[in-house]
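Given chain V, put chain E in place with the hints provided.
One-letter residues, chain by chain:
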Amino acid sequence: MGTVTYYTSDDTSAPALNDAQGSLGSLLNKILVGSGGVAYGSKASSGWTNPYSGTTGQYVFQQGGGNGFFLNLDDSAATGTSTWARVSGYQTMSAFGTGTLQFPNNIQQSGGLYWPRFPYTAATTPSRWACIATNKTFYFWNEGDGTNNGSKHYQSLFFFGDANNYGSADNACTLILGETSAAVPTLTFTNIATLTTIIYAASNFLGALDGSGSVTQGWHSDYWLNGASANVGNGGVAYPNPEDTGLYVKPIWLTEVNAGQNQLRALMPGIWNNCHAASNFTQTAVNTANFGGNSGDQVGSSRSFTILLLGSTAANYGSIVFETSNTWY
Amino acid sequence: MTVTAYYSSDTHAPSVGIAAQAFFTTILTACLVNGYTGKSAAGWTSAYTGSTGQVAYQQGAGSNGFFLNVDDSAASANGSNARVQMFETMSAFGTGTNGTPTTAQISGGGYFPRGNNGTDTLPGRWLVIADAKRFYMWHEGTSTSGTTGFGVVVGFGDIDTFGASDIYATLLMAYSGSGPSGAGGMQHGGTTMVSLSSGNYMMRRFDQLSTGCQITKSWDYVKGGQTAYMGNSTAATALAYPNPVDGGIYVSPVWVSEAIVSANPVLRGVVPGIWAPLHYLVGTPASVLALDTVTGSGLTAGKTFTFCNCQANGNAGWVCFETSNTWS
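Chains as they are written, first to last, in my numbering: chain V, 1 to 329; chain E, 1001 to 1328.
Just so you know, the hints here were simulated from the structure itself, not pulled from any lab data. Treat each hint with caution, since some may be false.
A few chain V residues that don't get close to chain E, going by computed Cβ distances all over 10 Å [said to hold, decoys possible]:
no.: 1; residue: 38
no.: 2; residue: 79
no.: 3; residue: 97
no.: 4; residue: 224
no.: 5; residue: 241
no.: 6; residue: 265
Reference listing, derived: stretches of chain E covered by chain V, where coverage requires no fewer than 3 residues with Cβ under 8 Å from a Cβ of chain V [as the list claims (entries may be wrong)]:
no.: 7; segment: 1220-1227
no.: 8; segment: 1244-1253
What follows is a list of derived Cβ distance ranges for each label pair [claimed, not checked]:
no.: 9; chain 1: E; residue 1: 1210; chain 2: V; residue 2: 240; range: 21 to 27 Å
no.: 10; chain 1: E; residue 1: 1195; chain 2: V; residue 2: 240; range: 36 to 42 Å
no.: 11; chain 1: V; residue 1: 240; chain 2: E; residue 2: 1209; range: 18 to 24 Å
no.: 12; chain 1: V; residue 1: 147; chain 2: E; residue 2: 1195; range: 51 to 57 Å
no.: 13; chain 1: E; residue 1: 1210; chain 2: V; residue 2: 65; range: 26 to 32 Å
no.: 14; chain 1: V; residue 1: 180; chain 2: E; residue 2: 1208; range: 48 to 54 Å
no.: 15; chain 1: V; residue 1: 181; chain 2: E; residue 2: 1292; range: 58 to 64 Å
no.: 16; chain 1: E; residue 1: 1191; chain 2: V; residue 2: 181; range: 53 to 59 Å
no.: 17; chain 1: V; residue 1: 197; chain 2: E; residue 2: 1209; range: 47 to 53 Å
no.: 18; chain 1: V; residue 1: 181; chain 2: E; residue 2: 1149; range: 50 to 56 Å
no.: 19; chain 1: V; residue 1: 279; chain 2: E; residue 2: 1209; range: 24 to 30 Å
no.: 20; chain 1: V; residue 1: 147; chain 2: E; residue 2: 1293; range: 41 to 47 Å
no.: 21; chain 1: E; residue 1: 1149; chain 2: V; residue 2: 259; range: 45 to 51 Å
no.: 22; chain 1: E; residue 1: 1285; chain 2: V; residue 2: 111; range: 45 to 51 Å
Backbone N, C-alpha and C fix where the C-beta goes; we use that ideal spot for every residue, glycine too.
Chain V with its partners taken away, still in its complex shape:
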């Protein structure tokens, strides 16, 4: 079980995320791999390795725990605004860009998914960012806007790593989420019979031996408490809940469809869905107030959360809740 570490641009000695070639890759290399067990300042790195590299901004990261799969990240685009890295996973690798059982594969998403390095066009000062990581899973929030003022254009989420699979033979529930083009979309949940085009698993629920390779996945949370909205983290419960002044979050689950059957595959560790409207919150600082656990089921009282807003086209459509305490597993 990996230890959870919360990294943000607010940390002392935190690396900057800006428009420079390789800036995102370099930052992830510090967080995940680090040097001598240290990411930066007093923050430990998360126990991944960097077995292969290419040119500037080209990294391969291997999980230090879990399935031990690989993330191929190409952040070599030239310095500049509107810049994106291209990413995909592999079950095995022998060099940067070379491996087997790529997810998503090039038929599903030619050249890999897009992760924002510096999507904004009108500033070059560093963006705020936040990341929670263990040795097998990380989630990254990028405000994507160097003006650091809570811009709503580019606040986005991406992730790579293992989910908490329900199937005992499921040894390939390693996921990657990214964009399908160089633009920040509205992140939406699916119903149980449909799949996304932005989340891929290394294999289907039967595991690596099944050999299915990359498959798309669905995901959902509590639909009603999310205000009957598909938008991630834009819930319908009054904030704070008038009954008990509580903040309510709900788990996020991963689903798959095989042979016409709708299947519940895994629980997403470390991220939760906000049951309150995004309009109740402001992104005035990356490290928003930590909320203690609420009285809802499955949450308990020992978890801490940070709410990060998600935005596109100048509006906050939702939010994502990072579980920043070491309580994922």
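Chain E alone, transformed into the frame defined by chain V:
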């Protein structure tokens, strides 16, 4: 707080025709108030009575202490009903304060439907689960065991509130019309957090002020197949049964919300003791049978769930009763 499950198959359980006068009160008085050989009573009292089939039950120790007025005096007939209303205080059968649902909401009170199977007068199967604070009841609505299409699920009692000072969160889950073809019942949820569950009322709204609060019940809508009735979903929309990934059966807590004081819903609590099954269950042949029992694991470890079939407003469905002594 001890939970007891009372079954029609218990050796000394009362036996009453599916649509007989005093069908509900015969069973509820035995389970809630008197007990019977082999099963202790759940700790309620019969506070007031009227003519045959008319009983006002008061909740027992640790509860809000409210009353359920059950008028089960209608003549025996398939398709007949008991009529129910909850009160905060009472002075005689049918007389009390803040009766809910109000006359304006459901004139004559909510409906507890008796059996509705042609000329069937024989006893059928039933199940009551209760502690001193709440009871839930299923009956098959026919004397032919294993037949679906007639099942009824109703209940009354305190929910588990999220607010520590919410002392009026007593929920009545009845039908809003003569059933089981009527709307509502325990199995009815909403289609959003602000659409209302027919026949489902709370004693007072969350701010403890006005009475007659119709609420919304909800559960995990996506896994459950996007339906407003528990266990009523299609193969195309719900989780396969059992979940192919792990062979598991997934159930969801049932949440209570209301949107009366503000347009944004208030999340008020969870209904203890009942769960919404999240799988495609209503196919032919049936995936489960009435009174099938499964045991929980993970977050529901130690709990036992019993499947009860139901019917409301033309919608077949299933509710899981938590028949183990594990509600709190």
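Status of each hint after checking the structure:
1. 38: Residue 38 of chain V is indeed farther than 10 Å from all Cβ atoms of chain E, at 37 Å.
2. 79: holds, 43 Å
3. 97: holds, 32 Å
4. 224: Since the minimum Cβ distance to chain E is about 4 Å, residue 224 of chain V lies within 10 Å and the statement is violated.
5. 241: Not fine: 5 Å to the nearest Cβ puts residue 241 of chain V too close to chain E.
6. 265: violated, 5 Å
7. 1220-1227: holds (count 6)
8. 1244-1253: holds (count 6)
9. E:1210 to V:240: 21 to 27 Å: Given a distance of about 22 Å, which is inside 21 to 27 Å, the answer is holds.
10. E:1195 to V:240: 36 to 42 Å: violated, 23 Å
11. V:240 to E:1209: 18 to 24 Å: holds, 19 Å
12. V:147 to E:1195: 51 to 57 Å: Since the Cβ atoms of residue 147 of chain V and residue 1195 of chain E sit about 41 Å apart, the hinted range of 51 to 57 Å is violated.
13. E:1210 to V:65: 26 to 32 Å: violated, 55 Å
14. V:180 to E:1208: 48 to 54 Å: holds, 50 Å
15. V:181 to E:1292: 58 to 64 Å: Violated: the Cβ-Cβ distance is about 49 Å, outside 58 to 64 Å.
16. E:1191 to V:181: 53 to 59 Å: violated, 34 Å
17. V:197 to E:1209: 47 to 53 Å: At 49 Å between Cβs, range holds.
18. V:181 to E:1149: 50 to 56 Å: holds, 51 Å
19. V:279 to E:1209: 24 to 30 Å: Given about 27 Å between the Cβ atoms, the range holds.
20. V:147 to E:1293: 41 to 47 Å: violated, 60 Å
21. E:1149 to V:259: 45 to 51 Å: violated, 30 Å
22. E:1285 to V:111: 45 to 51 Å: holds, 49 Å
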